[in-house]
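Undergrad: The chain contents come next:
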Amino acid sequence: MGFLMNCPECDAELEIPEDVISGEIISCPDCGMDYEVHIKENGELELKPAEIEGEDWGE
Amino acid sequence: MMTVGLVSDRIRWDEKALIHAASKAGLDLKIIDPKGIFINVSGDLKELKETFGEVVLERCVSYFRGLHIAAVLEKADIHVINPFEVSLICGNKIFTTLALSEAGIPVPKTHMAFTGNGVLKALDDMGFPAVMKPVVGSWGRLVALISDRESARAIVESREQIRNALLRIYYLQEYIERPPRDIRVLVVGEEAVAASYRYSPKDDWRTNVARGGVSKPCSLTDELRSLALRAAEAVGGGVLAVDCMESPSGLLVHEVNSTVEFRGLCSATGVDVPGRIIEYVKGMMKR
Numbered sequence: 002m003g004f005l006m007n008c009p010e011c012d013a014e015l016e017i018p019e020d021v022i023s024g025e026i027i028s029c030p031d032c033g034m035d036y037e038v039h040i041k042e043n044g045e046l047e048l049k050p051a052e053i054e055g056e057d058w059g060e
Numbered sequence: 156m157m158t159v160g161l162v163s164d165r166i167r168w169d170e171k172a173l174i175h176a177a178s179k180a181g182l183d184l185k186i187i188d189p190k191g192i193f194i195n196v197s198g199d200l201k202e203l204k205e206t207f208g209e210v211v212l213e214r215c216v217s218y219f220r221g222l223h224i225a226a227v228l229e230k231a232d233i234h235v236i237n238p239f240e241v242s243l244i245c246g247n248k249i250f251t252t253l254a255l256s257e258a259g260i261p262v263p264k265t266h267m268a269f270t271g272n273g274v275l276k277a278l279d280d281m282g283f284p285a286v287m288k289p290v291v292g293s294w295g296r297l298v299a300l301i302s303d304r305e306s307a308r309a310i311v312e313s314r315e316q317i318r319n320a321l322l323r324i325y326y327l328q329e330y331i332e333r334p335p336r337d338i339r340v341l342v343v344g345e346e347a348v349a350a351s352y353r354y355s356p357k358d359d360w361r362t363n364v365a366r367g368g369v370s371k372p373c374s375l376t377d378e379l380r381s382l383a384l385r386a387a388e389a390v391g392g393g394v395l396a397v398d399c400m401e402s403p404s405g406l407l408v409h410e411v412n413s414t415v416e417f418r419g420l421c422s423a424t425g426v427d428v429p430g431r432i433i434e435y436v437k438g439m440m441k442r
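Protein sequence lines correspond, in order, to chains V and Z. Quick note: the first sequence uses the working numbering, first residue 2, plus one each step. Quick note: the second sequence uses the working numbering, first residue 156, plus one each step.
Among these hints, one or two may not hold up.
[As the list claims (entries may be wrong)] Pairs of lysine-lysine residues, derived as PhoX-like cross-links and limited to a Cα-Cα distance of at most 20 Å, are as follows:
| id | chain 1 | residue 1 | chain 2 | residue 2 |
| --- | --- | --- | --- | --- |
| 1 | Z | K230 | Z | K204 |
| 2 | Z | K437 | Z | K204 |
| 3 | V | K49 | Z | K171 |
| 4 | Z | K190 | V | K41 |
| 5 | Z | K437 | Z | K171 |
| 6 | Z | K441 | Z | K204 |
| 7 | Z | K171 | Z | K185 |
| 8 | Z | K276 | V | K41 |
| 9 | Z | K264 | Z | K276 |
| 10 | Z | K185 | V | K41 |
| 11 | Z | K190 | Z | K179 |
| 12 | Z | K171 | Z | K190 |
| 13 | Z | K190 | V | K49 |
| 14 | Z | K204 | Z | K185 |
| 15 | Z | K437 | Z | K185 |
Derived from the structure by calculation, the hints contain no laboratory data.
Based on the sequences and whatever the hints tell you, model everything.
TA: What follows is the structure, encoded as structure tokens:
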């Protein structure tokens, strides 16, 4: 079981997995916004809006 | 102990699975997000090994970003998976078709043109319906099924409105009468490790999982295995997903993917794809 944070955009609850990795993408189930999780040096988590899909993205 | 670098600009399910597999295999894995770094390209490149490791798994979601990183890392004597040449070929549909065709691998009939006029001539030669794809691009974006000259003109006109020089290269392919699915074979080094069907969703003809396509298990026949291995070899080899279509005259290869997304393949087949990739990385370290 992970823990909860609030979506900076719509305030919905976001479930952060326990084994979260810095750089991991978390999507808000309510508003659909994608966030990149940053783990700061003091261990605190920060949610940054993820990069927007580019034309050269993909496999 | 040797270090392996995972260069990734977006940690998706796939990257996380690779990170878990690496830790299970006891690998010292360094995760590098290229978004937050710079590289001194004119300096002593040998120092890059300290930051990136001896072997690098390049998993950038941005094709050009990954390609440029691979170019620099290889000059630093770092073994990059997949190599620059392989990524270059697989990221461009013309280069891929050329490589496959040269190796004698069956591909759909493909034309290249540079203007609306050229496109119409190509389509008159090829016949309708036909498929137009961007030379660089993934996930089925901007892939269009063209039923006649009028729709061809309309698509070219809308492409011309997008300010992107690469969209002026028109890649046209015959439409293959096939079941509503294609076959993806995952090749890791010298081995074809798994295969899945990708079914197109109800309201789309494209089979990309990013477009709602669904993966189902597919048995890896000798024919599929040998075709996929030949296709992988034709583009230079590595960790690759070979996409094939079942045409009335037999299997055709239409794409080879270099930054493989394997979530659908894992859940459809139960094969431990990240584990196999990490095994391959370990093998590279011994060389």
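Undergrad: Need the status of pair K276 of chain Z, K41 of chain V: alpha-carbon distance at most 20 Å?
TA: violated, 57 Å
Undergrad: Sort out whether K41 of chain V lies within 20 Å of K190 of chain Z, counting only the CA atoms.
TA: At roughly 16 Å apart (the allowed maximum being 20 Å), K41 of chain V and K190 of chain Z satisfy the hint.
Undergrad: Quick one, are K190 of chain Z and K49 of chain V close enough, alpha carbons at most 20 Å?
TA: Since the Cα atoms of K190 of chain Z and K49 of chain V sit roughly 13 Å apart, the hinted pair holds (cutoff 20 Å).
Undergrad: Verify the proposed pairing of K49 of chain V with K171 of chain Z, using a straight-line Cα cut of 20 Å.
TA: Measuring from Cα to Cα gives roughly 19 Å; hence the hint holds.
Undergrad: Can you confirm whether the C-alpha distance between K437 of chain Z and K204 of chain Z stays at or below 20 Å?
TA: Holds: K437 of chain Z and K204 of chain Z sit about 17 Å apart, inside 20 Å.
Undergrad: For the pair supplied as a hint, K190 of chain Z and K179 of chain Z, is the alpha-carbon distance within the 20 Å limit?
TA: Violated. K190 of chain Z to K179 of chain Z sits at ~27 Å, over the 20 Å cutoff.
Undergrad: Check whether the Cα positions of K437 of chain Z and K171 of chain Z lie no farther apart than 20 Å.
TA: holds, 18 Å
Undergrad: Starting from K185 of chain Z, check that the Cα of K41 of chain V is at most 20 Å away, please.
TA: holds, 17 Å
Undergrad: Just to be careful, I want the Cα atoms of K264 of chain Z and K276 of chain Z compared with a cutoff of 20 Å; is the pair within it?
TA: This hinted pair holds, its Cα atoms lying about 15 Å apart.
Undergrad: Just to be careful, I want the Cα atoms of K171 of chain Z and K190 of chain Z compared with a cutoff of 20 Å; is the pair within it?
TA: Distance of about 18 Å is within 20 Å: holds.
Undergrad: If you draw a straight line from the CA of K230 of chain Z to the CA of K204 of chain Z, is it 20 Å or shorter?
TA: holds, 11 Å
Undergrad: Would you mind confirming whether the straight-line C-alpha gap from K204 of chain Z to K185 of chain Z stays at or under 20 Å?
TA: holds, 11 Å
Checked against the numbered hints listed earlier, the structure breaks hints 8 and 11; every other hint is satisfied.
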